[in-house]
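Sequence order for the protein chains is A and B. Quick note on our numbering: the first sequence kicks off at 1 and runs consecutively. Quick note on our numbering: the second sequence kicks off at 1001 and runs consecutively.
Bear in mind the hints are in silico, worked out from the structure with no lab data behind them. Backbone N, C-alpha and C fix where the C-beta goes; we use that ideal spot for every residue, glycine too. Any given hint could be a false lead.
[Said to hold, decoys possible] Coverage of chain B stretches by chain A, computed from C-beta distances (three or more under 8 Å per stretch; other residues unrestricted): (1) 1411-1422; (2) 1433-1440.
[What the hints assert, rightly or not] To spell it out: a stretch of chain A is covered by chain B in this simulated footprint if at least three of its residues, at any positions, have a beta carbon under 8 Å from a beta carbon of chain B; those stretches are: (3) 122-136; (4) 149-160.
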Amino acid sequence: MKTTAIILMAALALGGCGNRLGGGAGAGAGGYDPYGTGAGAGGYVPGGPGDPTSVAYFQQSIGDRVLFAVDQSTLSPEGQTILAGQAQWLNANPGYTALIEGHADEQGTREYNLALGGRRANAARDYLISQGVAASRLRTISYGKERPLQICSTEACYSQNRRAVTVLAAGAGV
Amino acid sequence: MPRRVFRSGPLSNPAALAIRDSDTERETMTLRLTTFLRALAALLVLAGPAMAQDSPGPLRIEITDGVIEPLPFAVPTFVARNAAAEGLAQDITRVIAADLANTGLFREIPQEAHVARIGSFDAPVQFSDWKAINAQALITGSVLAEGDGRIVVQFRLYDVFSEAPLGDGLQFAGTAEGWRRMAHKVADAAYSRITGEDPYFDSRVTFVSELGPKDARQKRIGVMDYDGANVTYLTSSDAIVLAPRFSPDGSRIIYTGYESGFPRVTVIDVATLQKTTVGGVDQNMSFAPRFSPDGGRVVYSAEVSGNTDLYVLDLASGQTSRLTDAPSIETAPSFSPDGTRIVFESDRSGAPQLYIMPARGGEGQRISFGEGRYGTPVWSPKGDYIAFTKQNAGRFHIGVMRTDGSEERLLTGAFLDEGPTWAPNGRVVMFTRETSGATGAPALYTVDITGRNLQRAATPAAASDPSWGPLLR
């Protein structure tokens, strides 16, 4: 019963992300919080951020994204730690698949940045696989510089835009 | 008798035939216009540095720091041969004048300054009237609106100081809706005769129209006349669409689209709007497509497990071959006009640079060696230059270089310029310029290959990723 409820709520949360035209990445950090972090802090709500099996928990407590240096697709030690946490979560919650979005900042040409986003998404994917997540549960996509999270034109924003975001979906692997 | 016959095309079916001007058939090149032509040719061939040329006589072409004195021309409103043609005659005349003036090579003498009127297309021209206002080229014409919705446009080009026509008169017939195309054809003929370059005004551009905030931009593919008129949209903004490119005959557009949720190479038929996904495999991203010069092949990038390489697809057989096999990124391919070679971008040296390889694949020869990063190479339709985007010291530039990498010349510099495309005559490039910051937005610009005459192109909304189509027929 409980599992059904969680999956249902996760699906709702993802539905919200889907409306962002592939900007699912933007939802988490942009403050999209359908069930209220306040509730999570105050007490346990199934599907809320305090529920370690929830999508909100994955996004907020584990971290759904890793950041990259300029022109790089190498994972930083911080990135590896986050991905290790993601892998652990995915291994503990086999009812989810993940789409890993690769993104670039605007300082590059459009098509090169698509390829660079592909590299970043795959770096994250490879790491998750190395941590035991089945490859069949993971897909990648690149948005290049099409979906920045932050819209200023300085390094403060660029550093947030060079990212790979793990977006969960309820369901079996492909 | 020299004839210029434009074959009829699908848009407005303008047909042209030469009007016999005189018994001596000729393409008159007078001394003055020849001087202008030589200066222009020098300007178009040589790199930017200051050039000076002694130019005796009244034409006074002065080339200083790559600036050419525009040639003054007069285009009195075309004669309406019946009342129904009056409005069109005005409109056509304005489009001709705009085409020529916007090149930066010509300067229109405003009609208020004219001391004479052209009352009849066939009456002899009083050259003294046009010398008096220092018009060096004179364009006259007439418009007839026929009862069936068709119009006939006639024109002549004169070299005022030699008091002679420059080339034959021309007559175009077509539908009234196609009047802009007829105006562009008149301007093309005048431009070609005076500069010696191929025409390009009667052409279309496909681009991406952009709406909405920077982090949720809605994009759709548009097509417009080269001057921004007659915009139509081919896709909805439901899915991200990137970098549309015309097929060589202009009937199809190939682009990168996210309609399936994932980026895939897609062909859209301009007339029927029917879409077909081509190339690539389901689980992989395919992007950066471009047609071969014969329209039969598509070269594109596909990403497999994070690694992007180049592939070519034969559209008739559906056969795909892999052109590169390297752990680096290979993308932004563009065929040479003869279809035998491909210029592309690769970061195999550690940063993106330009390479040329045989169209069947094989060893890539690096051609870019300057400072910075090079991308988006596009082969000129004339074959003489490769246009590119260069990123250096925090700025972006549009540049051109010879196909061996020599004579690199930066035409622009800004916060973010990218993605050049060539006018059909290989003398002008259009590109995307995006402004910085949270409210930054892209727009289309043109610049000629000397770096002169930077202009913003008119689009109804923010726009990016232009691709210039062929000269229409």
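Status of each hint after checking the structure:
1. 1411-1422: n = 4 at 8 Å, threshold three: holds.
2. 1433-1440: Coverage by chain A holds for the region 1433-1440 of chain B (5 residues, Cβ < 8 Å).
3. 122-136: holds (count 4)
4. 149-160: holds (count 5)
Going down the numbered hints, you'll see the structure goes against none, and every one checks out.
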